[in-house]
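Novice: Read top to bottom, the protein sequences are chains A and B. Quick note, in the working numbering, the first sequence goes up one by one and the last residue is 409. Quick note, in the working numbering, the second sequence goes up one by one and the last residue is 409.
Be careful, since some hints might not be right.
Listed next, with one range per pair, are the computed distances between beta-carbon atoms [to be verified]:
(1) B:212 with A:216: 57 to 67 Å
(2) A:39 with B:212: 53 to 63 Å
(3) A:125 with B:53: 50 to 60 Å
Lysine-lysine pairs mimicking DSBU-like chemistry, simulated, CA-CA at most 35 Å apart [said to hold, decoys possible]:
(4) A:284 with A:119
(5) B:163 with A:162
(6) A:163 with B:295
(7) B:360 with B:125
(8) B:162 with A:163
(9) B:295 with B:351
(10) B:286 with B:351
(11) B:127 with B:235
(12) A:162 with B:162
(13) A:31 with A:7
(14) A:32 with A:125
(15) B:360 with B:380
Pulled from the structure, derived: some chain B residues nowhere near chain A, Cβ distances all over 10 Å [claimed, not checked]:
(16) 37
(17) 266
(18) 312
(19) 363
(20) 366
Think of the hints as simulated: they come from the structure by calculation, not from any bench. Treat the numbers as computed from the prediction; the structure is a model and nothing was measured. Glycine included, C-beta positions come from ideal geometry on N, C-alpha and C.
2 protein chains.
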Amino acid sequence: MKSVEEQIALIERGAVDFHSREDLVKKLTRSLETNKPLTIKAGFDPTAPDLHLGHTVLIQKLRHFQLLGHEVNFLIGDFTGLIGDPTGKSDTRPPLTPDDVKRNAETYKEQVFKILDPEKTKVVFNSTWLGQLSSHDMIRLASELTVARMLERDDFKKRFESNRPISIHEFLYPLIQGYDSVAMKADVELGGTDQLFNVLMGRDLQRSRGQEPQVVLTMPLLEGLDGVNKMSKSLGNYIGISEPPESIFGKIMSISDDLMYRYYELLSDLSMAEIVALKEKVAAGQLHPKAVKVQLAKEMVARFHSQAAAEDAERNFEQVFARHEMPDEIEEIQLAVTEAEIWVPKLLMDAGLVKSTSDGRRMIQQHAVSIDGVKVEDINAAVPATGSILLKVGKRRFCRVIFS
Amino acid sequence: MKSVEEQIALIERGAVDFHSREDLVKKLTRSLETNKPLTIKAGFDPTAPDLHLGHTVLIQKLRHFQLLGHEVNFLIGDFTGLIGDPTGKSDTRPPLTPDDVKRNAETYKEQVFKILDPEKTKVVFNSTWLGQLSSHDMIRLASELTVARMLERDDFKKRFESNRPISIHEFLYPLIQGYDSVAMKADVELGGTDQLFNVLMGRDLQRSRGQEPQVVLTMPLLEGLDGVNKMSKSLGNYIGISEPPESIFGKIMSISDDLMYRYYELLSDLSMAEIVALKEKVAAGQLHPKAVKVQLAKEMVARFHSQAAAEDAERNFEQVFARHEMPDEIEEIQLAVTEAEIWVPKLLMDAGLVKSTSDGRRMIQQHAVSIDGVKVEDINAAVPATGSILLKVGKRRFCRVIFS
Chain A
6 MKSVEEQIAL IERGAVDFHS REDLVKKLTR SLETNKPLTI KAGFDPTAPD LHLGHTVLIQ
66 KLRHFQLLGH EVNFLIGDFT GLIGDPTGKS DTRPPLTPDD VKRNAETYKE QVFKILDPEK
126 TKVVFNSTWL GQLSSHDMIR LASELTVARM LERDDFKKRF ESNRPISIHE FLYPLIQGYD
186 SVAMKADVEL GGTDQLFNVL MGRDLQRSRG QEPQVVLTMP LLEGLDGVNK MSKSLGNYIG
246 ISEPPESIFG KIMSISDDLM YRYYELLSDL SMAEIVALKE KVAAGQLHPK AVKVQLAKEM
306 VARFHSQAAA EDAERNFEQV FARHEMPDEI EEIQLAVTEA EIWVPKLLMD AGLVKSTSDG
366 RRMIQQHAVS IDGVKVEDIN AAVPATGSIL LKVGKRRFCR VIFS
Chain B
6 MKSVEEQIAL IERGAVDFHS REDLVKKLTR SLETNKPLTI KAGFDPTAPD LHLGHTVLIQ
66 KLRHFQLLGH EVNFLIGDFT GLIGDPTGKS DTRPPLTPDD VKRNAETYKE QVFKILDPEK
126 TKVVFNSTWL GQLSSHDMIR LASELTVARM LERDDFKKRF ESNRPISIHE FLYPLIQGYD
186 SVAMKADVEL GGTDQLFNVL MGRDLQRSRG QEPQVVLTMP LLEGLDGVNK MSKSLGNYIG
246 ISEPPESIFG KIMSISDDLM YRYYELLSDL SMAEIVALKE KVAAGQLHPK AVKVQLAKEM
306 VARFHSQAAA EDAERNFEQV FARHEMPDEI EEIQLAVTEA EIWVPKLLMD AGLVKSTSDG
366 RRMIQQHAVS IDGVKVEDIN AAVPATGSIL LKVGKRRFCR VIFS
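Next comes chain A alone, as it looks inside the complex (with noise of 0.2 Å):
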């Protein structure tokens, strides 16, 4: 096992929020004593998931505590699930049954075990503990904050003081997530920044409760391939882990070498010292900023897929784009497009890569347009008008077009 300082710098790398490293200090000094590990808590939603680049920063964590020995629960917040949404009010939270979460859960594996050991791994439900509650147990939970303490989290705050409605059930879910922790007893919980306020209940409830309380760390949401907003779907500057390794491959060419050295120390298996030294010949013109960003590309597509399909990705990216001489800086242009979609012949003349609607048509006849990396063959093609797509017409014009 690693030293307690050798495990901090792993653990806080890439961290945002980390309270507190005096009581991780005193955890990992235990641990090494008595060679127990530590108990690492992540909650998940029990929703069917997909998920992508953004979602791994958070088991990117898991598995650094993994590499360092420790027991990872991967925690599936079924309670609430199967409630659903008890307002009634949101048709798109109906109750889950046991079954959905079963297979929701099972669904979560087969992706999350792409980054985590699957023998290192307990996948828990908290319907296990919280199903078992009585009014009482709830009552007692619900004294343990204030109402004002709760009306601090940011979105309640922004929601309470624009008169929008929150639920009273909605300020028992920090509490239920607290408690989470003190049924687990939980050395650590991970969260996103968003999650911050949440995960400090659990160190509030087990400290009340006569228990240690967790160290609490939160990892950054990270950027999607515009390189401003977070990653989402609804965005759609994502980029899936069930996506094909060409499409994986493709996008994180596309983003810049800024956002490239972030995804590095959010998503990859190279040491902080690696990177810098990177950087470092890159800075010195030892090394094309393009290579640093296919090595990057490469371990996504082997991680999601295999070290073969990464190199078959590579080669098919440079067989369509390097061999066509993509410029380093590609034009963005903004469109707003009130449509869902967009008629692909229409977008190249927006984009100005073309002169007329005709004139686009007649290039998808000469199999002259692709769309991120993807050729188009269909002359009444449209594509979703979201994020960003990459546009190539010919063999040297291309445009990055912004839906805004």
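Starting from the known structure of chain A, fit chain B onto it as the hints suggest.
Specialist: Below, chain B alone, put in the same frame as chain A:
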């Protein structure tokens, strides 16, 4: 059974809030048609009761419903009492044991059955159904109201605005009280005006669960002997229903004429027509107000003791006060006393009834001092410096002392 209109006339006597007359008409009409009594609900605290006349305003209203043939449910809210104060912050609210609850219930019954018909009163405990709720049910319940709506409740609002803490479980209590109405299928719930918010919760919850909403009726908080502040133990301006006949009688004789009519409306079994007739006779000079007060004092003593005790109390009062020419108007003085008690000779001096404490001691030795109609025999006697008391020295020197 009386007609709907006759019933409503009695029901709304003295009431403050009434939601809604239309609903009550519907319920009473159906009750008459089906010959099925309405289910009347009133909730009481499970802590040991020591009732004063203020509490009996509500119980008198329950009596009206009994007289009209409806079913009175005397609800003892033991559920939260069995939890105690879950914050653990209050020394004064340790959890009650089921034995405590049973014992307190007996004390309640002894007292309220002086007004209510034991045969027609169902004593129920909300732990019966609330103890069965699961953590899921609790969350569902909490989802039925918003934080903003809860903060409209007067006491919460004041505490929130002045930054005094409100624990989240306190938000659950009104919901729990509302759920009681659902579980009891209550047709009418009574409460003090300070309970309006909670009592209306029952209407909302019944509606959201497909029940016909209960009618809500609030009764005023009875003014105490001073005619200004609400009757309460801590202000000392109360008439306890377990006080001796002389004390109840004497205290009622001490109230103002205005307050006397208020007490008639809220406490007496006389009909409003009879009360109006008394008032008119007094106004016409056909009846002395003192005689009307004697009648009320006797009714109250008879209610809480017996008719014989009422006659005795009247005789005693006439002997002690009336024959000694108690003036119609007794001087009132305010006394600021920092100690909890005051030595009677000093009190007499401060009230200006004697020249010195030794003078006061001498009057006591001569059996010439009485307080609230009771002779003082001990020169070392002290009285609590709260509320107001009637002092008498010799045959004609009277003074009402109000401690401030």
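Novice: Given the hint that residue 32 (chain A) pairs with residue 125 (chain A), test it: the Cα-Cα distance must not exceed 35 Å.
Specialist: Holds, at about 20 Å.
Novice: Would you check the hint for residue 163 (chain B) and residue 162 (chain A), treating anything up to 35 Å between C-alpha atoms as holding?
Specialist: holds, 19 Å
Novice: Would residue 312 (chain B) pass as off the interface with chain A, using Cβ distances and a cut of 10 Å?
Specialist: Label holds. Min Cβ-Cβ 47 Å, cutoff 10 Å.
Novice: Minimum C-beta separation from residue 363 (chain B) to chain A exceeding 10 Å: can you confirm that?
Specialist: holds, 57 Å
Novice: Please work out if residue 360 (chain B) and residue 380 (chain B) have their alpha carbons no farther apart than 35 Å.
Specialist: Satisfied, since the Cα-Cα distance of roughly 20 Å is no more than 35 Å.
Novice: Quick one, are residue 162 (chain B) and residue 163 (chain A) close enough, alpha carbons at most 35 Å?
Specialist: holds, 19 Å
Novice: Are residue 360 (chain B) and residue 125 (chain B) close enough, with their CA atoms no more than 35 Å apart?
Specialist: violated, 58 Å
Novice: Is the nearest CB of chain A more than 10 Å from the CB of residue 266 (chain B)?
Specialist: holds, 43 Å
Novice: Check the hint pairing residue 284 (chain A) with residue 119 (chain A) against an upper bound of 35 Å on the C-alpha distance.
Specialist: Holds. Residue 284 (chain A) to residue 119 (chain A) sits at ~27 Å (cutoff 35 Å).
Novice: Please work out if residue 127 (chain B) and residue 235 (chain B) have their alpha carbons no farther apart than 35 Å.
Specialist: Judged against 35 Å, a Cα distance of about 29 Å means the pair holds.
Novice: Holds or violated: are the alpha carbons of residue 31 (chain A) and residue 7 (chain A) at most 35 Å from each other?
Specialist: Within the cut-off at roughly 15 Å; holds.
Novice: With the threshold set at 35 Å, check whether the alpha-carbon distance from residue 163 (chain A) to residue 295 (chain B) stays at or below it.
Specialist: It is violated: about 63 Å lies between the C-alpha atoms, which goes past 35 Å.
Violated hints, in rising order: 1, 6, 7 and 10; the structure is consistent with all others.
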